[in-house]
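Student: In my numbering, the protein residues as written are 610 to 856.
Rather than coming from a laboratory, the hints here were simulated on the basis of the structure.
Hints are supplied without guarantee of correctness; some may be wrong.
No farther apart than 20 Å at their CA atoms in a straight line, the calculated lysine to any residue pairs in the SDA-like style are these [stated by the list, open to error]:
#  : residue 1 : residue 2
1  : K709      : G697
2  : K671      : K620
3  : K843      : S833
4  : K709      : A723
5  : K709      : N652
6  : K780      : A689
7  : K660      : K780
8  : K653      : Q831
9  : K820      : R839
10 : K780      : S833
11 : K666      : T630
12 : K695      : K709
13 : K805      : A844
14 : K709      : F856
15 : K822      : S752
16 : K709      : D696
17 : K780      : S727
18 : K666      : Q848
19 : K649      : S727
20 : K653      : K695
21 : K768      : G697
22 : K617      : H718
23 : K805      : R839
24 : K669      : N682
25 : K695      : K820
26 : K617      : N687
27 : K768      : D696
28 : K820      : Q831
29 : K822      : G835
30 : K805      : G835
31 : K620      : K666
32 : K666      : N652
33 : K671      : N840
34 : K824      : Q848
Just so you know, these numbers come straight off a predicted model, no measurement behind them.
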Amino acid sequence: MNSEALHKDMKLQVYLPAGYTETVDYPVLYLLHGRGGNEKTWNKDMNVSDKATQLIKLQKIKPLIIVMPQYDNSYGTNYADQTYSKDGRQYGRYEDYLIKDLIGYVDSHYSTIADRESRYIGGLSMGGFAALFLAFTHPDLFSKSGGHSPAMFMDSTEKLGWLFKDEEMRKRTDPLYLVDQLELKNLNIYLDYGNKDMIHVINSTDQLYAKLKAKGIDVQFQTSSGGHDRNYWKANTDQYLMFYAGF
610 MNSEALHKDM KLQVYLPAGY TETVDYPVLY LLHGRGGNEK TWNKDMNVSD KATQLIKLQK
670 IKPLIIVMPQ YDNSYGTNYA DQTYSKDGRQ YGRYEDYLIK DLIGYVDSHY STIADRESRY
730 IGGLSMGGFA ALFLAFTHPD LFSKSGGHSP AMFMDSTEKL GWLFKDEEMR KRTDPLYLVD
790 QLELKNLNIY LDYGNKDMIH VINSTDQLYA KLKAKGIDVQ FQTSSGGHDR NYWKANTDQY
850 LMFYAGF
C-alpha cells in the first residue's frame with residue numbers, strides 16, 4: 610500500500626479467517642513487529658496465523674482479521690515531517706501512517722467492523738511501545754492494547770534523543786508519561802514479559818502496570834519463563850490472541 614504520510618510504499622501481511630466473506634464484518638487486530646522485524650515477523654517467528662486458525666476452530670477466539678504492517682524501526686511516532694534513516698532507525702510521520710493510512714486502507718479493502726470496540730492493537734518489544742502509545746493517544750480507535758515485552762525506557766530524555774526529540778515529544782508519546790495525563794478508562798490493556806528479559810523492560814513495565822492499577826484501568830499482567838526473544842513470544846501467542854479476541 611502507498612502511504613501518504615511517508616511518501617512511500619509500505620508492505621503488510623493480512624490474515625483472513627477460514628470462510629472469510631464480504632457479507633460478514635470482522636473485528637481487526639493490528640500486530641506490530643519489534644526492532645529489526647517487518648511485516649513477516651509475527652508469522653515467521655510466532656506462527657500467529659496458524660495459531661489463530663486453530664483457536665478459531667476450537668472456538669476459543671472469534672473469527673478475526675489480523676493485520677501485520679511494516680513500520681520500519683520507527684517506534685510508530687511522528688518524529689519528523691520528512692522520512693529519513695539514521696543509525697539504523699527510520700524517522701517520519703509513522704503515527705500518521707499507522708493511524709490514518711493503514712487503518713483507512715484496511716477498512717476500505719476488507720470487511721471490517723470499523724469501530725473501536727472491534728479494533729485492537731498489540732506489539733512486541735518496539736511494537737509494544739508503539740501499540741501502547743497509539744492506543745493511549747487514540748482511545749477512540751482501539752478498545753484493547755497489548756504491550757508484549759514493551760521496549761520502554763526510564764533513562765533521561767537527553768540519553769534517549771533517538772526516540773524523543775525533546776521533553777515535549779516524550780510527554781506526547783511515552784506510555785510512562787501518558788498514563789499520568791490521560792483517562793484511559795475505556796481501554797483494556799495486557800502487559801507481559803519473560804522473567805529473563807532486560808532489566809529496563811522489566812522495571813518500566815512494572816512501573817506502567819502499577820500506574821494503571823492505581824488509576825483503576827482494566828489491565829492484565831503476566832510474567833512467565835523466558836527472555837526477550839521469539840521463543841518467549843511464540844510460547845505466549847495463544848494467550849495474546851485470547852486476550853484480544855477471546856469469548
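Student: All hints, please: hold or fail.
Tutor: Status of each hint after checking the structure:
Our distance criterion of 20 Å between C-alpha atoms is broken by K709 and G697, whose separation comes to about 25 Å. Taking the CA atoms of K671 and K620, the gap is about 26 Å. The hint is violated against a cut of 20 Å. Between K843 and S833 the CA atoms are separated by roughly 12 Å; this keeps the pair inside 20 Å, and the hint holds. Proximity of K709 to A723 is assessed by CA-CA distance (about 13 Å); at most 20 Å being required, the pair is judged to hold.
With a CA separation close to 24 Å, the supplied pair K709 and N652 exceeds the 20 Å bound. A hinted pair counts as satisfied when its Cα atoms are at most 20 Å apart, and K780 with A689 qualifies at roughly 16 Å. Restraint check for K660 and K780: the C-alpha separation of about 37 Å exceeds 20 Å, so the hint is violated. Distance check on the hinted pair: K653 and Q831 sit about 24 Å apart at the alpha-carbon level, beyond 20 Å; violated.
Pair hint K820 plus R839 does not hold up; C-alpha atoms about 28 Å apart against a cutoff of 20 Å. A distance of roughly 31 Å separates the Cα atoms of K780 and S833; the hinted pair therefore is violated under the 20 Å criterion. Between K666 and T630, the direct Cα distance comes to roughly 17 Å. Compliance with the 20 Å bound is thereby established for this hinted pair. Pair hint K695 plus K709 does not hold up; C-alpha atoms about 24 Å apart against a cutoff of 20 Å.
With a C-alpha separation of about 14 Å, the suggested pair K805 and A844 falls inside the 20 Å cut-off, and the hint holds. Distance restraint check for K709 and F856: the Cα-Cα separation of roughly 29 Å exceeds the 20 Å cut-off, and the hinted pair is therefore not satisfied. Among the hinted pairs, K822 with S752 is consistent with the structure: their alpha-carbon atoms are about 17 Å apart, no more than 20 Å. With a CA separation close to 27 Å, the supplied pair K709 and D696 exceeds the 20 Å bound.
For the proposed pair K780 and S727, the alpha carbon gap of about 28 Å is over 20 Å, so the pair is violated. Between K666 and Q848, the direct Cα distance comes to roughly 16 Å. Compliance with the 20 Å bound is thereby established for this hinted pair. Distance hint between K649 and S727 is unfulfilled; the C-alpha atoms sit about 23 Å from each other, more than 20 Å. Straight-line distance between C-alpha atoms of K653 and K695 comes to about 27 Å, which puts the hinted pair past the 20 Å bound.
For the proposed pair K768 and G697, the alpha carbon gap of about 17 Å is at most 20 Å, so the pair holds. At roughly 19 Å between alpha-carbon atoms, K617 and H718 fall within 20 Å of each other, so this suggested pair holds. Of the pairs offered as hints, the one joining K805 and R839 holds, with about 13 Å between alpha carbons and a cut-off of 20 Å not exceeded. Restraint check for K669 and N682: the C-alpha separation of about 33 Å exceeds 20 Å, so the hint is violated.
A hinted pair counts as satisfied when its Cα atoms are at most 20 Å apart, and K695 with K820 does not qualify at roughly 33 Å. Among the hinted pairs, K617 with N687 is consistent with the structure: their alpha-carbon atoms are about 15 Å apart, no more than 20 Å. Restraint check: the Cα-Cα separation between K768 and D696 comes to about 15 Å, which is no more than 20 Å; the hinted pair holds. Of the supplied pair hints, the one linking K820 and Q831 holds, its CA atoms being roughly 16 Å apart against a limit of 20 Å.
Distance hint between K822 and G835 is unfulfilled; the C-alpha atoms sit about 24 Å from each other, more than 20 Å. This hinted pair checks out: K805 and G835 have alpha carbons roughly 6 Å apart, not beyond 20 Å. Restraint check: the Cα-Cα separation between K620 and K666 comes to about 28 Å, which exceeds 20 Å; the hinted pair is violated. A threshold of 20 Å between alpha carbons decides the hint, and for K666 with N652 the separation of about 18 Å falls inside it, so the pair holds.
For a cut-off of 20 Å, the pair hint linking K671 to N840 is broken: about 25 Å separates their Cα positions. Pair hint K824 plus Q848 does not hold up; C-alpha atoms about 25 Å apart against a cutoff of 20 Å.
The structure is inconsistent with the numbered hints 1, 2, 5, 7, 8, 9, 10, 12, 14, 16, 17, 19, 20, 24, 25, 29, 31, 33, 34, although it conforms to all the rest.
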